[in-house]
Each structure stands twice: as C-alpha cells, then as structure tokens.
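Participant: Throw the hints in and build the complete structure from the sequences for me.
Protein chains in written order, with the numbering used here: chain S, 1 to 672; chain P, 1001 to 1117; chain Z, 2001 to 2202.
Simulated from the structure, these hints should not be mistaken for lab results. Just so it is clear, the structure is predicted and the values come from calculations on it, not from any experiment. Take the hints with a grain of salt, since some may be wrong.
As the list claims (entries may be wrong) - When the alpha-carbon atoms are kept at most 25 angstroms apart in a straight line, the in silico SDA-like pairs for lysine to any residue are as follows:
| # | chain 1 | residue 1 | chain 2 | residue 2 |
| --- | --- | --- | --- | --- |
| 1 | P | K1087 | Z | K2125 |
| 2 | Z | K2059 | Z | F2120 |
| 3 | S | K257 | Z | T2053 |
| 4 | Z | K2125 | Z | E2172 |
| 5 | S | K515 | S | L60 |
| 6 | S | K441 | S | I59 |
| 7 | S | K214 | S | V357 |
| 8 | S | K257 | Z | Q2171 |
| 9 | Z | K2011 | S | D577 |
| 10 | Z | K2056 | S | P165 |
| 11 | Z | K2059 | S | V256 |
| 12 | Z | K2011 | S | V587 |
| 13 | P | K1087 | Z | T2053 |
| 14 | P | K1054 | Z | V2071 |
| 15 | S | K257 | S | V407 |
| 16 | S | K298 | S | K573 |
| 17 | S | K441 | S | N523 |
| 18 | P | K1115 | S | K298 |
| 19 | S | K214 | P | R1091 |
| 20 | P | K1115 | S | P332 |
| 21 | P | K1054 | P | T1041 |
| 22 | Z | K2011 | S | D554 |
| 23 | P | K1115 | Z | L2193 |
| 24 | P | K1087 | Z | S2070 |
| 25 | Z | K2056 | P | T1041 |
| 26 | Z | K2056 | S | N248 |
| 27 | P | K1115 | S | K573 |
| 28 | P | K1115 | S | L263 |
| 29 | P | K1054 | Z | S2070 |
| 30 | Z | K2125 | Z | S2151 |
| 31 | P | K1054 | Z | E2172 |
| 32 | P | K1087 | Z | L2193 |
| 33 | Z | K2011 | Z | Q2171 |
| 34 | S | K257 | P | L1108 |
| 35 | Z | K2011 | S | H588 |
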Amino acid sequence: MAIIEAPDSAPLALPSGGTVAPHQALGVFSRPGQSKGWRSWITSVDHKRVGVLYGASAILFFLIGGMEALLIRLQLVHANGTVLNAAQYNQVFTMHGITMIFLVVMPLGAAFMNYLMPLQVGARDVAFPRLNAFSFWCFLFGGLFLNSSWFLGGAPDGGWFAYAPNTNPIFSPSHGMDFYAIGLLITGIASTVGAINLVVTVINLRAPGMSLMKMPVFTWMGFVTQLLIVFAMPVITVALFLLLFDRNFGANFFNVKAGADPLLWQHLFWLFGHPEVYILILPSFGIISETIPVFSRKPIFGYPFMVFSGIAIGFMGWGVWAHHMFASGVGPLSVAAFSVTTMFIAVPTGVKILNWVATMYGGKLTFTTSMKFSVGLVGMFTIGGLSGVTHAVSPSDLQQTDTYYIVAHFHYVIFGGALLGFFAGMYFWWPKVFGYKLSEKLGSWHFWLILIGMNLTFGPMHIVGLQGQPRRTYTYNKGYGFDFWNMIETIGAFIIALAVLVFLVNVFSSRAKAKREHITVGNDPWDARSLEWMVPNPTPAHNFDEVPVVAHLDEFWHRKYGEDENGRPVRVKATDDVVQAGDPTGVHLPSPSYWPIVIAASLPLIGYGIIFNLGFAALGGFVLFLGIYGLGLEPSMDPDAAHPHDDHDDTHDDAPAAADDEESHEEVTASE
Amino acid sequence: MATETEHAEPTEAVAHSADHAHAHPSDSQYVLIAVVLAFITGAEVLTYYVDFFKDHFPILLLTLIPMMIIKFAIVAAFFMHLRFDNKLFRRVFITGIVLATIVYMIVLNIFHVFKHS
Amino acid sequence: MSDVAIHHDPKPGEHGWTQTGVSNEKLGMWVFLGSECLLFGGLISTYMLYKGTALKGPKPHDLYDIPFTSVSSFVLLMSSMTMVLALSAIQRGDHQRCRVWLATTALLGATFISGQVYEFTSFVKEGMGYTTNTAASSFYTLTGFHGVHVSLGIVMLMSLFMMSVRGRLPQEKSEVVEIVGLYWHFVDVVWILIFTVVYLIP
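Facilitator: The following block contains the structure:
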C-alpha cells in the first residue's frame, strides 16, 4: 500500500494534526547519496543497475550450476562411476536443476526485462523502483540461502520437482527439502513483486502514442512472461507452504499414511511448472525477435502474429500441465485431453519459428555473434520442440518418461532455447549497457564451441534415453550399452564449459581493451530499430531527456529512415540527430534507498529460524517489520537530495511510490 | 462469477482526482448494499436449519452457490468500485478469478472430488 | 488500454504520469489481488480434496458451530461496509469520520480474528489438532492463511488511523485508503467463498 509522507513543498492545510515538518524517514539511516562505489550499488533503485545486478548474479549462479552439471557428467562418464555416491548425486542433480531454473534462467530473463522494458516503452524507470531493488535482493538472498544448504547438513535431494512423498522427512531426512521450500518461497516473492512491477510499468508507463500494438516484441514477450509469473507463482507458493507445514509442523497434506494423495503435489507443482516453462523461454523468444530483424535489415515478419502467438502460448500454457503426469494414473480422459492440448500448443510456437525464418528470408543477413546465437536458437529450439511433440503422444510418452530422452528434450529447449537467446541478447545489448562491444572473434568461438558442445552433450541423450537409461539415477551397469554415448556426453559437457570460459575471457578482455584503447561504440552500433537506442550508450541514469512521442512500431528506425518512391528505405536523418543528448536537466529520479536490501535480508533469517531456531525467525520478523515501515515512511524521492541542474521551484507531488504486495504489507504509521 | 460485472457501463473514470467520487454510491446507498448482503447471509444460514436441504443436496448447492456468487459480485462491484472504475482493474481481477476457477476445477475433477459429494 | 492519459497535471516521464490515467499503486494492488485468487484457489481446492478424508479424529464438519461462524462472518461483512464508509468520508474531507470508520473496521476485523482464535481452540479441545488428520490440516491451513491476511489488514488499518491522527493523511491522499480498502474487501470476499464452500456445504 502506498506510503504517505509529508510533501516537502507547500505545507498542506490539514484539518487536524498540526503542521507537518519535512522529516527524515525514521532517522536510522541517513539517505544514501552516492552514485559510485559499492554503496551506490546496494542502495540503487535504478532499473538499469538492478538489471545488471540480476545478470551478474545469474552468471555467478550459472557457474555454480555448471560445475554441478560437470560433476554429474563425471559421475556418469563410465559405468559404475565413483565420483559421487547416490546421496551426493541426488543433491547435485537436484541443485543443478533448481539453480539453472530459478537462479539462472529466470533471473537472466529478469535482467533483460528490467533493463530493457522501461527503455523500450519510453519510461524513465519502472513503476515501483524501490520494490524493484527489493526483488533483486530478495532473489539474491534466496539463491544464497538455497546454496548455503550445502554447508548446513546437505542440499535438497528430492529433485527440482520434489515429488511427494519422496520429500517427507522419512525419505529425505536432511534439512535439504526445507531449504528448497523456503528458498523457493523467497525467490518466488522476488519474482512476484518484480512481475507486478513490470506489468504495471508496461500498462501505465508507455510513452505517449505507444499503443500496445506498437510495443517491441521483446516487451510484449516480457509482458506475457510477467503475467504468467503473477498468476503461476501463487500456485507453487501454496504447494511449498503445504510441503513446509508437512515437514516442519506435522501436517498431513502428502502423508500417505494419513490418507493423503501425493498426486496433489504433482498437480500443484505442474500447474505452476508448465507456465514456468514459458516463463523461461518467452524472454528469449522476445530477444531474438529484436535481433533477427536488426541483422536481417527487415522489420519483423507478421508482428501481430508474433504478439498473438505469444499471448496464445501464455494462455495455453495453463492447459497442458497434466502431460507431465501421464505415467501417474490420472485417467484416460485426462490423458487424452491433455495430449490434445499439448499438441495444440506447438502451433503458436511453430508460428513464431516460421516468422523468424520469414524475417530472415530475403533479408540482408549479417552474421554477427548475436545473430549466430539467434539462428542457433531457432534451430536448437526446433529440435527440442519436435521431441516435445513426441511426448504429447501419450503412448510414446509412457515409453520416454523418466529416461534421458526427456532430459535431452528439456535441455534442447532450455539450453538451446532460453540460454542461446540470452547470449544473443548479451552480445546485442552489451554496447547499450556498458558502452563497448564484446569481441566478435572470441564471440564466434564462444558460439561454435557452445553449439558443438551442447549437441554432443544433449544429442546422444535421445539415443540412450530410448535405449532405456533412466534419469535421476546415479549410475548404470556395464553391458547396458550406455558407455559410449555417455562418454561423448561428458566430452560435450566439457566443451560447453570451455565455451563459457571463452565467454568470460571475452567479457574481461573486451572491457580491458575498451579501457586501454578508449574505444567507444557510438550510439547505434547495429543500426537498430527500437526506442532503447534513442538514448546514448551507455544509457544515462535518467534514460530519456524528454520522453519521445511514438508513432510507429520500430520508432527509432522510422526516425532514421524514410521511403523513396519505390518504397525502399532511405536515410533521412543521421543517427546522432535522432539520439538524445543525455542531458539530465530537470529530471527527478527516485532516490536510492537502504531499505530494499534490509527487508530482503530479513527473509533468509526467518528461513533459518524456521529450520533451526525460532529465535532467528523472531529477529528476522523484527527486521522485516522495521524495514517495511522504514520503506513505507521514506519519501520515494528524497526532499533533501540535491538534484543536479535542477530548479527547485516545481511543485511536483512526492506521491506515494511503493505499492502493496503480498509480503510487504507495508503499513504506514506516523512513527518518528 | 465473471459475468456479473459485464453489464456495467465501461466508465473510463480517472482514479486520480478526488472528484471521481461522484460516480460512486452515497453513504446511505452503501448501507443499503450492506443490508442486502446481510439479508443474503441470513438466507444462507437459514439453509442450515431447513431440513429439506439435508435430503436434497443438489438443491442445496443450487441455492447456496448462486447466493455466494451474488454476494461476491456485490462486494466486488460496489465496495471495490469495479462497477465504476477503469475496466483495466476488472480485467485483471476477472482473469485471476476465472483462471483459478477453471484450473482448480479441472484438478478437483481429476481427483473425482465432485462425484460422490 | 491504449487511450492516452486523460488527466494532464504531470507530463509524460514525470512522476505520477501514467498512460492509462490510473495510478500505479492502485493497478499494482489489483494485479496483486488477481495473483491472490490463485493462492486462495489452491488452498480452497486442497480443503475440498481432503475435507472427507480423516483416518482418525473428528473432521472439521463434525465440529462446526454454524451459528457462531455466521455471526463472525456477519461481522467481517459489516467491516467491509465500514471500510467503504471510511473511504467515502476521506474523499469528502471528513477526517473525523474517516478515523471513526477506520477504527471501527479494525475493531470488527479484530473481533473476527478473536472469533477464529476461539473457534480454533475449541476445535483443538474437542480433539482436532493441526496434525490429527488431512481434513484438519487443510482446514487450519486455509482458514489460518485467511486469518493472517485479516491480521495484516488490521495492522494496515491501524497504521492508516495513526497517520490520520498525525495529520499525514490529507484528502488528496485518499487513494491510500482506497488501496487498503481493496485489500480489505478482497479478504472479505474470500471469506464469503470460504463461509459457503467450507462451512455451509456439507
């Protein structure tokens, strides 16, 4: 709920309560004012910095999750491997899944969406900047909380899907699954708050003239993703609470001995889990819908189809969850119905593939690294999509369930789809974010290594899967015929690791080179199309000097190019005349704040409290309470902050900034 | 549950200014609405005491569920101002309700919850 | 959705400007409430699934005190009315009455919560603890979640009351009351569902 504070200008004639003095919120912290150094980062509420923080943390978790993957591949490189024992293997593959899904792909999507969506709709920031910062810290602390389980008695070991009754204290006696439940609740809060924020941003903060059907496809896909998060997260929240209460307070939701039906977990989980799949992939679909037109020098083919297929995927994603449960005895009617819906959902996805290909068809293609990754996505995702259709056929699915064939499928769509898309986006927007390009030469190595590596790793899984190698199993015997392909898979995994290394080298060497040689990229390195390129590189803190009035889809392009009499594009304006100067005069930005990180820090404390000692939880609850009131009472714009180049005579309303959301029922009181 | 608000005229009332209150019911109308709600609640409770419903479960359902939906709709339309406010709010909320109703109904149906009750 | 802003005070890009003319905070609250539908839907479904399964101990349905619950439902329903009257008062600039209604709403909410505490303790006394059977677990979880929501609402109402007393809730900030009100009414609406689905339908 919103926050009220005394307006700094023109004391109001209040009916009661006396006059209001401009106040410093709570007075615990003085308002942070730095713009450089680590303190400026932990207090920043700038959506661009939050985006960068999301990206950096996600890459850190990517390295952790990648090492877990390498451990799995080392264990399985030959029959009867001894690198890990069964218990360790369970933890490693569980954490690999959780990390990659919740701590890598989702936050990478959040990184792009946070950074780009406000820019692409022509806004100065998101709707609730401080809640945005809170989302990030909440995600980071949730991720660290999950990973701290390694040192506190063992990581989660029930798989990322955590099927009941495997997760009850008898089968999973360590605290691992408690860490799972609480950790995912914390990251779920982060996602929900972030999603509400971005949904409101897209609806409310679009620049004048930008109707919904003039929004870039990336923003559209981000919008659909955020709506999916808004509606899917509460479902897993319910499931996780039930699991938590079962394990910690003796409830009976999944206790078969008390007559419970463990399938309830599967329904709740996959009811969330299938929309989640689209939450993972849609941001990448959006990214390559931006890169492919730029590098084909053509507008996106069939923009409305692109948008509506995205919306259709979002809707239909709610009607297919039981295809994850064909083998669990949900009944012939359900199996048939969900088979059909699952086959149908391939249609809008196919529309997208077709549109990307049609965009490239007849275009003037430039194969930059970003374009290579984009085309890679189209190819790899198609393979994954096709194997996905084979699961929709339930008789064949019964054969494939719990084998490596499934593992192959979802790695082709998540690694070959989502992750390649994110790399395409990184190479494309790196100059936007940091003001220099990544090396194309190393980028090319990165791409080819990752493409070869992933096909060596996940391709053979189709084969061993159909031969019957079970997933989630820590070893296999000699003579099953799995040895050769598992060896190839492990080699592939290490090639992927090498590719990631090349990427990291690229990041650091390109940065060093740009610093050493003072290379700047100019304002429009790719001759791009959408609004975010209308501001200088790297983006100034205030985004737009003046909010543009939008007349077209691809507004930036239309300002640069007109048409000659034959309908061919001709330059009408130089880029630098179109790009804004980056002059912050007269712009008010929300002030940085300590409270988001304080509130976020209280949540893991409550988590440890539930697991180990309720004393921690009380402390965490106290900090949470304090933080919420602190955030609530603090003006979103610091009345005392010096605005550069600012004339202080304007009478803007320091209106309430923070909205309400589930965990922060921030209350407003008049405490001093 | 979704239909009750559709007859409402699409007012594009701006929520920002305080003067938008003119479209809203007056205090006495609010009280009247509350009386109606109380009345329906009374009728709901009454079903508990009438023996007829104990033997006719389907009829009980047909009595209780519509009353519940009407109460829900009245609170949402008048107290939450959905009837008067920007239709954006209505869309968001109805999406949530309809989605929840459909998916959870399917889940419960797969569990055969509705069969023996 | 695509119509351009109707009110003209802040310019595009400035704080407080929105494309649709509705405030960010209110829209955010509605999106949040849309999300909450799925949360309570899940909890109600869990209860529906388990309400008949009790291998030992009494089921919630054996213990319900319908007259008592009817009264507390009525109390919560009336708190929705007082909430909307508080909003209407502050929109008129009648701060005195707004405070009275805010306090009344909080008080009615607190009455409801006390009733719930009483109900829970009497159920436990009659042998239905949280862990007794699946029906009990799901009953307590569903109504407990609702109770936590009401309690948070009471805290928010008290905060508004204190703000108003301190003069920090001027008439032009009446939207804060409206947003808290939305939350409050939503919680009430959920109870309308629970009262019928959980208590009245056997």
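Participant: If a hint holds in the structure, say so; if it doesn't, say that too.
Facilitator: The hints, checked one at a time:
Simply put, K1087 (chain P) and K2125 (chain Z) have alpha-carbon atoms about 48 angstroms apart, too far for the 25 angstroms limit, and the pair is violated. Annotation: proposed proximity of K2059 (chain Z) to F2120 (chain Z) holds, straight-line Cα distance about 13 angstroms (limit 25 angstroms). Distance check on the hinted pair: K257 (chain S) and T2053 (chain Z) sit about 12 angstroms apart at the alpha-carbon level, within 25 angstroms; holds. Only pairs whose Cα atoms come within 25 angstroms are accepted, and K2125 (chain Z) paired with E2172 (chain Z) is rejected, the gap being roughly 50 angstroms.
Using a Cα cut-off of 25 angstroms, the hinted pair K515 (chain S) and L60 (chain S) holds, with the two alpha carbons roughly 24 angstroms apart. For the hint pairing K441 (chain S) with I59 (chain S), the CA-to-CA distance comes to about 21 angstroms; that is within 25 angstroms, so the pair holds. A hinted pair counts as satisfied when its Cα atoms are at most 25 angstroms apart, and K214 (chain S) with V357 (chain S) qualifies at roughly 22 angstroms. Under the criterion of a C-alpha separation no larger than 25 angstroms, the hint pairing K257 (chain S) with Q2171 (chain Z) is inconsistent with the structure, at around 58 angstroms.
Between K2011 (chain Z) and D577 (chain S) the alpha-carbon distance is near 24 angstroms, which keeps this suggested pair within the 25 angstroms criterion. Among the hinted pairs, K2056 (chain Z) with P165 (chain S) is consistent with the structure: their alpha-carbon atoms are about 20 angstroms apart, no more than 25 angstroms. The suggested pairing of K2059 (chain Z) with V256 (chain S) holds, with an alpha-carbon distance near 17 angstroms, which does not exceed 25 angstroms. At most 25 angstroms may separate the alpha-carbon atoms for a hinted pair to count; K2011 (chain Z) and V587 (chain S) meet this at roughly 11 angstroms.
With a CA separation close to 42 angstroms, the supplied pair K1087 (chain P) and T2053 (chain Z) exceeds the 25 angstroms bound. This hinted pair checks out: K1054 (chain P) and V2071 (chain Z) have alpha carbons roughly 22 angstroms apart, not beyond 25 angstroms. Straight-line distance between C-alpha atoms of K257 (chain S) and V407 (chain S) comes to about 32 angstroms, which puts the hinted pair past the 25 angstroms bound. Taking the CA atoms of K298 (chain S) and K573 (chain S), the gap is about 18 angstroms. The hint holds against a cut of 25 angstroms.
Pair hint K441 (chain S) plus N523 (chain S) holds up; C-alpha atoms about 22 angstroms apart against a cutoff of 25 angstroms. With a C-alpha separation of about 57 angstroms, the suggested pairing of K1115 (chain P) with K298 (chain S) is violated against the 25 angstroms cut-off. Under the criterion of a C-alpha separation no larger than 25 angstroms, the hint pairing K214 (chain S) with R1091 (chain P) is consistent with the structure, at around 21 angstroms. The straight-line distance between the Cα atoms of K1115 (chain P) and P332 (chain S) is roughly 17 angstroms, inside the 25 angstroms bound, and the hint therefore holds.
Among the hinted pairs, K1054 (chain P) with T1041 (chain P) is consistent with the structure: their alpha-carbon atoms are about 19 angstroms apart, no more than 25 angstroms. Note on K2011 (chain Z) and D554 (chain S): the hinted pairing holds, with a Cα-Cα distance of about 23 angstroms set against a maximum of 25 angstroms. Restraint check for K1115 (chain P) and L2193 (chain Z): satisfied, since their Cα atoms lie roughly 21 angstroms apart, inside the 25 angstroms limit. The suggested pairing of K1087 (chain P) with S2070 (chain Z) is violated, with an alpha-carbon distance near 33 angstroms, which exceeds 25 angstroms.
Distance check on the hinted pair: K2056 (chain Z) and T1041 (chain P) sit about 33 angstroms apart at the alpha-carbon level, beyond 25 angstroms; violated. Of the supplied pair hints, the one linking K2056 (chain Z) and N248 (chain S) holds, its CA atoms being roughly 21 angstroms apart against a limit of 25 angstroms. Restraint check for K1115 (chain P) and K573 (chain S): the C-alpha separation of about 70 angstroms exceeds 25 angstroms, so the hint is violated. Of the pairs offered as hints, the one joining K1115 (chain P) and L263 (chain S) holds, with about 18 angstroms between alpha carbons and a cut-off of 25 angstroms not exceeded.
Restraint check for K1054 (chain P) and S2070 (chain Z): satisfied, since their Cα atoms lie roughly 18 angstroms apart, inside the 25 angstroms limit. Of the pairs offered as hints, the one joining K2125 (chain Z) and S2151 (chain Z) holds, with about 24 angstroms between alpha carbons and a cut-off of 25 angstroms not exceeded. For the given pair, K1054 (chain P) sits about 53 angstroms from E2172 (chain Z) by alpha-carbon distance, which is inconsistent with the 25 angstroms threshold. Annotation: proposed proximity of K1087 (chain P) to L2193 (chain Z) holds, straight-line Cα distance about 24 angstroms (limit 25 angstroms).
The hinted pair formed by K2011 (chain Z) and Q2171 (chain Z) meets the criterion: a straight-line CA distance of about 23 angstroms does not exceed 25 angstroms. Annotation: proposed proximity of K257 (chain S) to L1108 (chain P) holds, straight-line Cα distance about 21 angstroms (limit 25 angstroms). Proximity of K2011 (chain Z) to H588 (chain S) is assessed by CA-CA distance (about 12 angstroms); at most 25 angstroms being required, the pair is judged to hold.
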